[in-house]
Amino acid sequence: NAGVTQTPKFQVLKTGQSMTLQCAQDMNHNSMYWYRQDPGMGLRLIYYSASEGTTDKGEVPNGYNVSRLNKREFSLRLESAAPSQTSVYFCASSLSGTESYGYTFGSGTRLTVV
Amino acid sequence: EDQVTQSPEALRLQEGESSSLNCSYTVSGLRGLFWYRQDPGKGPEFLFTLYSAGEEKEKERLKATLTKKESFLHITAPKPEDSATYLCAFNTNAGKSTFGDGTTLTVKP
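Chains as they are written, first to last, in the working numbering: chain A, 1 to 114; chain B, 1 to 109.
Treat the hints as calculated values from the structure; they're not laboratory data.
Please note that a few of the clues may not be correct.
Stated by the list, open to error - To give a feel for the contact side, a few chain A residues facing chain B, derived at Cβ under 10 Å:
1) Gln6
2) Asn28
3) Ser31
4) Gly42
5) Leu43
6) Ser100
7) Gly102
Beta carbons: idealized from backbone N, C-alpha and C, even for Gly.
The task is simple: from the sequences and hints, build the whole structure.
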């Protein structure tokens with residue numbers, strides 16, 4: 001059982017380049033999330049998808065776009081990367097967002113923008 | 001504004017030295033207070049959910065408690081393998097979690 005799989009694990013971009021972070025879950029979860037984590041800080045929500053076909057902005061959406069491709073996959077796109085987007089990005093999923101067993105997280109994508 | 005604050009930022013303990021981590025919250029419409037463990041280079045791993053004041057949950061050397069304004073993660077007789085960052089988070093009716101900045105625990109043998 002793979003859980004939540006994120007690709008790539010590491011990426012270095014130049015300022016202005018674009019890229020897409022991929023996330024897939026195999027737990028038949030309805031809700032999916034993208035968070036970023038900066039050194040010494042907790043997780044900040046970028047975008048989330050409560051169910052297939054819906055997406056909503058979180059706390060820090062500027063500079064990002066998302067696509068809920070199907071129930072399994074939720075991608076995060078950086079159209080024009082900036083050094084301020086250097087961070088570790090985590091994808092997570094949950095059955096409905098309100099159940100008692102929390103979120104299942106992927107292992108993260110470490111992104112450096114130079 | 002809903003918010004959560006964790007203290008201390010870092011905690012160093014000797015093996016066997018019990019202590020507590022604090023998570024203070026100001027949330028209208030709390031729909032769950034969560035604790036996660038995060039090891040270096042990995043994603044957070046779910047530990048507990050608490051819903052109402054007075055509730056307690058236990059797992060091995062960890063016990064989480066909840067009051068109307070705070071949650072505590074008590075660590076009894078910790079071992080080096082308990083070293084990690086511990087994150088608390090809350091859910092509201094919107095069904096998405098807001099996280100604190102975490103407490104990094106180091107347990108020395």
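Cross-check of the supplied hints:
no. : hint   : in the structure
1   : Gln6   : holds, 8 Å
2   : Asn28  : violated, 17 Å
3   : Ser31  : holds, 7 Å
4   : Gly42  : holds, 4 Å
5   : Leu43  : holds, 4 Å
6   : Ser100 : holds, 4 Å
7   : Gly102 : holds, 3 Å
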